[in-house]
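Following the hints, put chains B, C and D in place on chain A, whose structure we already have.
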Amino acid sequence: MATITLPASKLDQLKDVCKSFNNDKKELINVLHKAQGIFGYLPAEVQEIIARELNISVAHVYGVVSFYSFFTMLPKGEHPISICLGTACYVRGAEKVIDEFKKHLQIKVGETTADGKFSLSCLRCVGACGLAPVVLVGEKVYGRVAPDGVKKILEEYT
Amino acid sequence: METIKLKIDGKDVTTTKGTTILKAAKEFGIQIPTLCYLHLEDLNIENKPAGCRVCVVEVEGRRNLAPACATECTDGMVINTHNIRVLNARKTVLELILSDHPTDCLVCAKNGICELQTMAQEMGIRELHYQGEQSHYREDTSPAIIRDVDKCIMCRRCEMMCNEVQTVGALSAVNRGFMSVVAPAFEMNLDHSVCTYCGQCVAVCPTGALTEVDHTNNVIRALADPTKTVIVQTAPAVRAALGEEFGLPAGTLVTGKLTAALRRLGFNYVFDTDFAADLTIMEEGTELLNRLNRHLKGEKVALPILTSCCPAWVNFFEHQFPDMRDIPSTARSPQQMFGAIAKTYFADKIQVKRENLVVVSVMPCLAKKYECQREEFATDGNPDVDFSISTRELAHLIKQSNIDFMSLPDEDFDNPLGESTGAGVIFGTTGGVIEAAVRTAYEVQTGKKLENVDFKELRGMEYIREATIDFDGLPIRIGIAHGLGNARELLQDIKDGKSHFHAIEIMACPGGCIGGGGQPLHHGDSSIIKARQKAIYEEDRNKAIRKSHENPYIIELYEKFLGKPMSDKAHHLLHTHYFDKSKEITVE
Amino acid sequence: MGKYNMHVLVCGGTGCHASESETLLQNLKTEVLEHGLENEVQVIVTGCFGFCEKGPIVKIMPDNTFYTEVTPDDARVIVEEHLIKGRKVNRLLYTHPETKETVADSKHMDFYKKQLRIALRNCGFIDPENIEEYIARDGYEALARSLNELTPEQVIEIIKKSGLRGRGGGGFPTGLKWEITRKSVSDIKYVVCNADEGDPGAFMDRSILEGDPHSVIEAMAICGYCIGSSIGLVYIRAEYPLAIERLKTAIAQARDYGLLGEDIFGSGFNFDIELRYGAGAFVCGEETALIHSMEGLRGEPTVKPPFPSVSGYFGQPTNVNNVETLANVPPIINQGPEWFSTIGNEKSKGTKVFALAGKINNVGLIEVPMGTTLREVIYEIGEGIKDGKKFKAVQTGGPSGGCLTEKHLDTPIDYENLIASGSMMGSGGMIVMDEDDCMVSVAKFYLEFTVEESCGKCTPCRVGNKRLHEILDKITQGNGTREDLDRLRNLSHVIKDTALCGLGQTSPNPVLSTLDNFWDEFVEHVVDKKCRSGQCKALLQYVIVPENCVGCTACARNCPVNAISGERKEIHLIDQSICIKCGVCMEKCKFNAVLVK
Amino acid sequence: MSHVKSLADLRKLKEDLQGKMSLREKSNHPESMVQVKVAMATCGIASGAKQVMEFFINEFDKRNIQAVVTQTGCMGYCYAEPTIEVTVPGQEPIVFGYVDTKKADEIIEKYIKNGELVEGIIPVKYQSIEINKENK
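As given, the protein sequences belong to chains A, B, C and D, one line each in that order.
Counting from 1, one number per residue, gives the positions in the first sequence under my numbering.
Counting from 1, one number per residue, gives the positions in the second sequence under my numbering.
Counting from 1, one number per residue, gives the positions in the third sequence under my numbering.
Counting from 1, one number per residue, gives the positions in the fourth sequence under my numbering.
Please keep in mind that the hints were generated in silico from the structure rather than gathered at the bench.
Just so it is clear, CB atoms sit at the ideal spot from N, CA and C, and this is done for glycine as well.
Keep in mind that a hint or two might mislead.
DSSO-like cross-link-like pairs, simulated, lysine-lysine; straight-line CA separation at most 30 Å [as the list claims (entries may be wrong)]: (1) B/K448 <-> B/K564; (2) C/K581 <-> A/K102; (3) C/K161 <-> C/K113; (4) C/K160 <-> C/K304; (5) B/K7 <-> C/K304; (6) B/K11 <-> C/K304; (7) D/K62 <-> D/K26; (8) D/K62 <-> C/K107; (9) C/K29 <-> A/K140; (10) A/K10 <-> A/K34; (11) C/K113 <-> A/K15; (12) B/K530 <-> B/K23; (13) D/K110 <-> D/K26; (14) C/K474 <-> A/K108; (15) C/K304 <-> A/K26; (16) C/K389 <-> C/K248.
What follows is a set of in silico ranges between Cβ atoms, one per label pair, in the way DEER data are often shown [as the list claims (entries may be wrong)]: (17) A/R144 <-> C/N592: 45 to 55 Å; (18) B/D75 <-> C/N490: 26 to 36 Å; (19) C/N270 <-> B/K5: 15 to 25 Å; (20) C/V527 <-> B/I220: 52 to 62 Å; (21) C/N270 <-> A/K140: 40 to 50 Å; (22) D/G19 <-> C/G266: 19 to 29 Å; (23) B/K5 <-> C/Q335: 45 to 55 Å; (24) A/K140 <-> B/E133: 29 to 39 Å; (25) D/E31 <-> C/D187: 51 to 61 Å; (26) A/R144 <-> C/T23: 51 to 61 Å; (27) D/K5 <-> B/E489: 42 to 52 Å; (28) A/K96 <-> C/H35: 39 to 49 Å; (29) D/K5 <-> C/Q335: 21 to 31 Å; (30) C/K100 <-> D/S32: 23 to 33 Å.
Isolated chain A, as found in the complex (with noise of 0.2 Å):
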């Protein structure tokens, strides 16, 4: 019989979210982003849980998790790094914005650094166009980023 674990609190808080949702599969998309929002990403046991919760099966929970772009089964970095790559970033250079932090970091789109300070990854327009390129770190929006100004944002956090 193989084992899941979870740290007791963090059960309990997954249960109520399932339930405050009634156990409904209908909501699953809704309870990922809640469990998502306690853990910070969503580990395999997460997914087991409100497979059973829910009533359905783990493998459709993750066929749900993996389609998502939204939700990771990665923890992300303590300054989780976002490039927007809409249209009007792209036009204005983000592609560059993002060698520029993959040359500094050592790592690729989706990745963490090894001492789990940074992550980085690439989202579809924050719409915040007239700023283009935009990089958020966390909650935080920088505009107009050019590839110089990586290493400055970057010291901010180091």
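Chains B, C and D alone, transformed into the frame defined by chain A:
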């Protein structure tokens, strides 16, 4: 029903409203190619994601091409199924599928029976104009099934089977876009999932993405080993389907040729799982009556009793209803009863040591491969059944061994484990196990002779059937379900306290073993399964003895070895217990 | 009370929010209080003004002063100078990019002159978190009149007569959709608002939800009344936290006022709204995929018919409308279908909101009557191309649209014209490109998006778009052939012809339109191995100009792959077979002796 | 918070609320109504411009005149403060000097309502006080 008129390829066509273009065309002799579409009409199973886009046709007045499988005909529609626009689109789509598909066809398990390969051949694909990156995934080998999902074309048939028909939920489409594929949760191996190894995914996979674990080489090696005595048992559903592999029409019984072929392959003894089926009836039937009579006396016993000969079904309740694992009969499946008797009673009889006796089973089933590897079915690490091969694997073995199957004479099984009754034969179809049980239980319970052994009310293809059999004034309520989704319904009823049955027969595969995951591929033609069922009942009718307890070798086995049904010895060799396979949640 | 002399409106849209408009707002409030102006000046946060290029924006009413790029520190000067002394703060006023003159108020800004704001009527004008401001501007009047004075059929007739069509991309007549859903027989029906704006570079729906959420709520209730539904669902992107908050606040307020809930306006009509969150899948903008996503499934589309109007959410008739479409509904009922249908042109009525972005002076959200030309939008409202560069193309319709050129500039923008020109309306993204943009790379960019966002269900989209992207990539790497161009075209046509849903059927548009309009550029890439904009790095050649080279060896010493040979004081040479085009030599050369070709 | 139960309820509520929004509504179409600009630099404020401005705002409302009152910087007629500029739709702007509440009343009644000229006009020639001259 409203009748509508339309034109397909210039032909005037009349059909009823709601008919798809695909079906309407077929009625008029126009075969539009399909790949993802699957319709097992008699089993009410349909896969219609309209995803492959191979069946596109031109509908005049429509901007783009329409998938014939999922587009309903409307009055006045004008359809072209093969003009240049359609042909170019269809070929290009097929080329796209092929561009993300390995080209190791010559060494693929599905070589020659692959629907994608056939289509590429029929459409005259000679060059791939669009080549590029191919998607790669880890290969996954479980005890019964190999997933080589590089070959997955996202037809979603397996996903539909696993979820909608079987409600197992081991598989789901995962990821998105080019990397999307059908896989277990977290893309882990099947043996980490809730997979029951029913093999229905394999049975419908159009390509080599899902295949059985091939044990033919193990068998060849065992046969070649002079220190081993190799015996074989063959399940009832095999004889009703093997002929298809050699071009015979579905439903042709090939029992005699099958026996002859096995003998020519070099098996020392050719036995019949039907014998063990009869033995199962002795044990399971006794257990049923035991529980029933205790129930009638007012004792609290677990009722209804559920059959336990289907290993996928056993896996299913161990995963999904572990708290109800005391309800099924404890009787082992015929395959395992055979193995246990072969490696004790028979081994003694022929004076061969257990470890030098190799038991091979030929099964219509993939879950049997897993079942024979279960630890509880081994003694000192030596399994009761060494290898289980499928009907398809047997056909390969026969072909590899230069045996001209069609010219083989009809031969009989060897004794003592080759003699069986009609009751053992019908184990191969849905309804058969319980009918066999009734034939014996009736006579044991009432002490009267059963004149008519044909219980037609238990037969058929309906997914959930029920009947009440009069045991001389005592009404016995019987339920039957095939397809695990339907089994789930009956099980849920029991859990909810709503079940009124005394006994329930469950088979995991639609149609029962005749529709098993190890059978020759039906390629979407469900009439094949029906024909096999007909053949099974025909074999039953032709048998001289049709009640298990009348099998002379069974009688002898009890007299000389086991004593009585449910005796200690019988219990030790022929019964088992079940495990909780659900995942346990622990807290840190 | 409430009789203020001046209103200070601070943009609270996401763009400005990202540039600290929240702190600015607090500072303004503090300054007003400190200067004792709290009874004369009202400071409020509004939705987006649309002029995102120069955010944060502060607008002062009644004189319409329009301050741009206002920092939190500017709060003091605005209060002391403008509010107290009546002197406009010159340096914060908008400066015309060409004349370099400051513009005193929004009435004189070219950006606003040609605009007609119907869907955005309240954005940047009211406080979106205050239902009373919405009511003061005829809010909920359309709902009240519909419930009390009109039958559902009459309301549907009004919408049909107005000529309103879906603003999410398809352009399906809204009234007709409502009628079909009304006629579908069922006890339960649903009104769904599609707020899963995923088109990169389009953010009108978010702006409306942030700036005027009640207009969407009101329209959904009207739709519910028309089709016979009491449940509204808003499917909104989780990436829009501000819009979600504003919408939640608005729904709560509407409930408080009895404008949602039971027996609305004493009519016996019940209606309420729930939120469902998207999770980052562009394909969920497609209505069947959206519905599956709301059902807790993977957002994969299914074949239509059956249309959601007949069989949608859990098999029930479901009316799906996009945010902008809904925002048009209340004004149509209030001002009559005739008024609305006089705006726009023959087949496309009313206005359309566009998100203007890219190499243009005025990036932002604009709303213009249908039939306005691209030239008017780009050169008048957008005030031309950034940095005086040359206009090359404008991409409309996002990943489903195409690139239009100089020759399309005078085409009136409407559904049909855009399709005829090889593009489409889409949700209203409008990205302007200049001479520095390589059109092969632009097509590749869009395909990259489609490949990433394809759900994977159908072959043409899952594999076909991947192959399109690969061919485009090959071309930008300098490995393309003329046959590749034929392959691109055939494959594009097949994908359009065979893909399951709207995403796949339109995904080749960026390829086809660039092939049609920039054929020469494609040929240059594959035959001459040149990229005229210099964007395709692999096609660049760094060469040394012998006349300028003094043989200082700086280039050779810094070349990371030792591709440069030459002795001291001799002319150097770059070995093209080794060069990785990093550009270091050019950077290091002090004599302009390294050139890119 | 009130529960709105009918169309009449809603309309009444709207009327109550519209006053709060009228300032913004009006400034949406300033050209269609009377515009009054009050010079509110230090000199203007010192000579009572604030009171004049409030007077205009209140009186326009009371007398139901569609007008926009805005403040502006020093017009350069510091000798004649408070000064105001009045623009009646379709006419050239006119600047009045020494405007107190009494004068304001007169301007409303005579000039704005009836088009009669009132004493105190400062004859000036300018295009607009809005466009900043320093920048030209």
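Right, here's what the structure says about each hint:
no., hint, in the structure
1, B/K448 <-> B/K564, "holds, 20 Å"
2, C/K581 <-> A/K102, "holds, 19 Å"
3, C/K161 <-> C/K113, "holds, 28 Å"
4, C/K160 <-> C/K304, "holds, 23 Å"
5, B/K7 <-> C/K304, "holds, 22 Å"
6, B/K11 <-> C/K304, "holds, 26 Å"
7, D/K62 <-> D/K26, "holds, 16 Å"
8, D/K62 <-> C/K107, "holds, 28 Å"
9, C/K29 <-> A/K140, "holds, 23 Å"
10, A/K10 <-> A/K34, "holds, 12 Å"
11, C/K113 <-> A/K15, "violated, 55 Å"
12, B/K530 <-> B/K23, "holds, 21 Å"
13, D/K110 <-> D/K26, "holds, 22 Å"
14, C/K474 <-> A/K108, "holds, 22 Å"
15, C/K304 <-> A/K26, "holds, 22 Å"
16, C/K389 <-> C/K248, "violated, 44 Å"
17, A/R144 <-> C/N592: 45 to 55 Å, "violated, 29 Å"
18, B/D75 <-> C/N490: 26 to 36 Å, "holds, 34 Å"
19, C/N270 <-> B/K5: 15 to 25 Å, "violated, 46 Å"
20, C/V527 <-> B/I220: 52 to 62 Å, "holds, 59 Å"
21, C/N270 <-> A/K140: 40 to 50 Å, "holds, 43 Å"
22, D/G19 <-> C/G266: 19 to 29 Å, "holds, 26 Å"
23, B/K5 <-> C/Q335: 45 to 55 Å, "holds, 48 Å"
24, A/K140 <-> B/E133: 29 to 39 Å, "holds, 37 Å"
25, D/E31 <-> C/D187: 51 to 61 Å, "holds, 54 Å"
26, A/R144 <-> C/T23: 51 to 61 Å, "violated, 19 Å"
27, D/K5 <-> B/E489: 42 to 52 Å, "holds, 50 Å"
28, A/K96 <-> C/H35: 39 to 49 Å, "holds, 46 Å"
29, D/K5 <-> C/Q335: 21 to 31 Å, "holds, 25 Å"
30, C/K100 <-> D/S32: 23 to 33 Å, "holds, 31 Å"
Hints 11, 16, 17, 19, 26 from the list above are not met by this structure, while the remaining hints are.
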